[in-house]
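Q: Model the placement of chain S on the given structure of chain Y, informed by the hints.
Single-letter residue listing:
2 protein chains.
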Amino acid sequence: MNLRHIIKQNHLELLFRQGHFGLEKESQRVHRDGSVVTSEHPKAFGKRSFHPYIQTDFAESQLELITPPNKKLEDTFRWLQTIHEVVLRTLPEDEFIFPMSMPAGLPPEKDIKVAQLENPEDVAYREHLVESYGAYKQMVSGIHYNFQLDSALIDALFHTQNEYQNAVEFQNNLYLKMAKNFLRYQWILLYLLSATPTAEANYFKAGSPLKPNQYVRSLRSSQYGYVNAPEIVVSFDSIPKYVETLEHWVNSGKLVAEKEFYSNVRLRGAKKAREFLHTGIQYLEFRLFDLNPFEPYGMNLRDAKFVHYFILLMIWLEETADQTGVELGKARLMEVAFEDPRRETAYRAEGEQILNALIDMLKDIGADESAVEIAQEKLTQFARPEQTLCARLVAAIEQAGGYQKLGAELAQRHKAQAFERFYALTAFDNMELSTQALMFDAIQKGLEMEILDENDQFLRLQFGEHFEYVKNGNMTSRDSYISPLIMENKVVTKKVLEKAGFNVPKSLEFTGIEQAVASYGLFEGRPVVIKPKSTNYGLGITIFQQGVHDREDFAKAVEIAFREDKEIMVEDYLSGTEYRFFVLGDQTLAVLLRVPANVVGDGMHTVSELVAAKNNHPLRGDGSRTPLKKIALGDIEQLQLKEQGFTVDSIPAEGQIVQLRANSNISTGGDSIDMTDEMHPSYKALAVGITKAMGAAVCGVDLIIPDLKKPAEPNLQSWGVIEANFNPMMMMHIFPYQGKSRRLTQNVINMLFPELPS
Amino acid sequence: MNLRHIIKQNHLELLFRQGHFGLEKESQRVHRDGSVVTSEHPKAFGKRSFHPYIQTDFAESQLELITPPNKKLEDTFRWLQTIHEVVLRTLPEDEFIFPMSMPAGLPPEKDIKVAQLENPEDVAYREHLVESYGAYKQMVSGIHYNFQLDSALIDALFHTQNEYQNAVEFQNNLYLKMAKNFLRYQWILLYLLSATPTAEANYFKAGSPLKPNQYVRSLRSSQYGYVNAPEIVVSFDSIPKYVETLEHWVNSGKLVAEKEFYSNVRLRGAKKAREFLHTGIQYLEFRLFDLNPFEPYGMNLRDAKFVHYFILLMIWLEETADQTGVELGKARLMEVAFEDPRRETAYRAEGEQILNALIDMLKDIGADESAVEIAQEKLTQFARPEQTLCARLVAAIEQAGGYQKLGAELAQRHKAQAFERFYALTAFDNMELSTQALMFDAIQKGLEMEILDENDQFLRLQFGEHFEYVKNGNMTSRDSYISPLIMENKVVTKKVLEKAGFNVPKSLEFTGIEQAVASYGLFEGRPVVIKPKSTNYGLGITIFQQGVHDREDFAKAVEIAFREDKEIMVEDYLSGTEYRFFVLGDQTLAVLLRVPANVVGDGMHTVSELVAAKNNHPLRGDGSRTPLKKIALGDIEQLQLKEQGFTVDSIPAEGQIVQLRANSNISTGGDSIDMTDEMHPSYKALAVGITKAMGAAVCGVDLIIPDLKKPAEPNLQSWGVIEANFNPMMMMHIFPYQGKSRRLTQNVINMLFPELPS
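Protein chains in written order, with UniProt numbering: chain Y, 1 to 758; chain S, 1 to 758.
Okay, chain Y solo, but in the shape it has when bound (with noise of 0.2 angstroms):
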């Protein structure tokens, strides 16, 4: 059977390309030194019994960091950066995460402390690895590749060959050529890949095996890493070769488990290997990889496609290595891990041929001209060793003055990276901000999370068998159908809200003179402002504060609100500051004050410098990609400027504030401050109970309150109701220009998730 011509002559090389990508990386959280933590797994991650993307391996100070599958291998390193975003920013100030395979300032094994799981077996059996290789071996860590074929792939092939009657048993020899020549070849993405030259003397046992100054390509690959006794071999012959051979060494008592088996190709898709006889191969997990230190992340995107392709030539490649091959290739492995980095290899020939073989697949396949573009860079590095990975991170460590100084400074900095924009989830920043910060928390706490439509918002969330759909970060299955509809409705909304007993402002429309000053017998008496319907820069406008008494003055206003529009608004007024209550549930969650855009003088700069040293905080910039708005100087900022005498190039007295727009939106540049803790908790009250009204279960409550120490009282001079807000903003009280942060998205997932441990 030629798998190649198969998928030739049917046309199946999209097929081909295709498949699932999933990544598991470890490593170690570590002090600024670099040294290894002894702390705790943090708290804040939940619970390791059902987290899905961050768990502890061996340790407890290591940290596997896992994403989910995804069809494209830029949506599992969005995943994988997202990740990693999220744990940086999780850790305590103080902790790092070492972008090094091989630890550095290993503390005495005796404190090193075994990843403290809820289940004894998994505790007792990294006991068990303990006794057997050491703690210090378990420390190292790597990064594991899964790769799934199209399944469409392999019902296609199955369908056009007759060498297989069972498609099973089709689908694990598929798998199983793919393992052994991958086993044959994996030297190559040892030479190419590689990054662990070196480790501290304290990691051996029994001395250090290198001489002073001698640099290797993979300790982690070689005898001293992560292997098992030579005398373990497993069968790749066929499936049920695999399972007998395996099966021996487990109850031989070689191996305490299956998984004890440590091939660089791990056959996945079953908890038993004998399952495989009948369910079959799902995915490969290819578990060669070191971390790469200079990627954030421990591996590139480029590097991954390469792995890729090269998996895909091991299906291509019209031999299939036999278990020779497979013990050939181990034993290459080994020679090639304890080779210089900086010099050439010893099977330089044979990696030239496989690389151009894999560029000749990839032409035949129809890759795309980008994935010819990576292999043959790979091809080159045959010929100049120290263009690989691994001669490079010499460089770099003898530059740095020593192997775990390098590591320190490159866990710094990629924790500072990722909170360059902390507000943000970097990868997924075409979302919308409080989409990315419930990502965030849903990733924190270990929820799983399924992105349905980015430019829709869309997320599912589930907890065990539990799900709940979210879009925009707070509209969910807690909220009724009705309840924004009537909150769309701002007449329905006032009349629910009167008729529920609310201070509502009176208003009333008018096309003419006569009717609006018949009016008058409404509004006696009471606070109330009589305006035109569209108003320009308060023209026309008059307000009765102290309520209005006399009906020719009231006339008069009319008349003055008709010169400037044919239509009139009466009003009562309400005379106060406007406050966003947050509801969720039962609770006011956030208040906040919105303050319309404004510098305030120091005496010395202008308005323009004052501008530009405002928009200079963290949180400001376009206002859909950060959570504030930089201020603008555009005509409106001008003319509001020009009212109070003020030009761009004033200097405004110290202390003196100065106005650069009349309404508060934060869209606008304006200031968000918490006020939460500040406002009485009658009118926290009073949003609960209006949110009530509206039959929402999230809602934002506009107020009018003028004095939020004294209680509510139930009259409009005490307060008032503006509007009701449905899917009501969060990042505003989540990221606030001065006073405390209030995370409603977490308070979003505790509505969703109450069963969730906290």
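Certain hints may be false.
Any copy, or any two copies together, can satisfy a pair, since identical chains are not distinguished.
[Unchecked claim] Mimicking BS3-like on lysine-lysine, the simulated pairs with C-alpha atoms at most 27 angstroms apart in a straight line are:
#, residue 1, residue 2
1, K71, K495
2, K71, K271
3, K506, K710
4, K8, K556
5, K630, K113
6, K72, K506
7, K330, K614
8, K43, K566
9, K110, K405
10, K415, K499
The set of hints was computed from the structure by calculation and includes no laboratory data.
A: Same frame as chain Y, but now just chain S:
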């Protein structure tokens, strides 16, 4: 205290003209011949113990229809009309509403059953009435007019006078003035609006007091009507005196309860008169009015407006009638009631004087021109008694050849009128038909209903303390916020349905031939359609109904599609018929087949003629005010005809089906055919499952099914889901072109109010 001056000086004219209006209209259910029925109150109206709109008055046959109070009289009349339409369409086919106050065709007294209310006291009270007055007198019907002054007016008046210190006392005396002057001048309204000139001889226990061919103005308001014994005099001097005298008659046993005091003005707003001392009169009930038999609903809007202004005049007048005046007014009423309606009244001068005062008032308070016109028209009727309602009625009786005969004729006409647009509520026809249907059902079953926003189809329904909002007929709190958001997003919908295991057709879009052809493997062997993304008249579409088995065929189809558009789609092809499943909760309530606009030939008429004939169907109209739409004969239809070799002038053979549209939308003249009973239950269960996967309570599921009789299988050959729709249309199920009507609005009500007795 001169109220007139206070109103003028304080410009309270607008407030003075405002108020709340409600009507209560009694009438007898009768047979086709106008004789009173002895059947039970229809069960379809729900329970009388809570029905706010449809009650029984004295007798089981006597309907009492009650409008809610409204700020505008126009709205009160919309309600009156609507309640009538609900009642008339609900009554058995052979029952009608008698249009006259005096019943005709009365059964023997013993066969008259008092209203079978749940409360035994209510039944006992009616039986007492039978004993005291005889059953026949209690069968007389009328219309009661409730009026409440604007509370802001009362406040304003109170605050501008010094006579009263106590607001309740002020309010009581204001209403008392209105009541007393009304009693003094009520004869004027009787003269103008009465309509009980005669009655059948057997109505009178002691023989008819009328001579042959004698007609009077109002038997109902005469001593032969529904009046207390002459000695029952209650003082209107003040509320304390009113309470004292009324309680005296009850305590002395002359009245069985306060409500047995039949004044033409009733003070309202408390269960017992004594409460008025503390809580004040809330509104007045004017009980003088005979049914206007020429009006389908017993009164017309012009007369109701006239009554409103007449009542206002009772406050506007400078003098207030004292008890002597009240008694004089009552005596005058009796006198005028027995005058010949075709003759001038003895009190013409007083009548004209009061109406002139009314006209002056209307001008003073700025009432609109039409109000003055109405008053002037009434004024004229003092000089021309033949124009009074009663005189016109007498003429009509004589022309019809009898009282009962005229009543029967009018009853039939009014019922037919209520069926003219049986699928709509005439007075609310600006709203969506589905909302009208829901309103119909809510009123029928006795839910309290408030229209929060007519343009937005926003209703509030209430039963006891439980209320619900409904928008657009079926958008309610029963659906979650997230469900419509899922359904709105086709990508998310597909993902959710796929994950839940439903048959979702696969669909891919391509912008290049090569890439599209490379997808062959994904579709091989499956029925598939390849089409340009924007398709005109089917150009560029290839369908592989038996599955695509050849890559070259596939490539060719891709190429053909790309000739028509820059983007193409490759989709699983579903062969079969599309059905709409209307799901509510756990049940598929309706299944509909939509057939493209068509006519069936008869070998005689042209296509034009056939279309015109089909368009005559009562359900067809413009499609927004009717359940179905008329078939157009525009460009698209003519093109469709041309494709079949027809023109509009062709005469298709008998039985030949002529397509006028390719699409099956009802909005382009399609036929709706109910298939609920024909559809195999397995598909109905699937539609429920799809609705559950969407998290929806109400959902319109579109399935393609090749054979609706065969049970569903889990593959796309058996069925496929096309779409899930929130807020699905209901009218096409309620009023299908063919097949059984499914009254879905009733199911919506039952879903919202499961506690509602059925």
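Q: For each hint given before, does the structure comply? Return the numbers of the non-compliant ones in rising order.
A: 5, 7, 8 and 10
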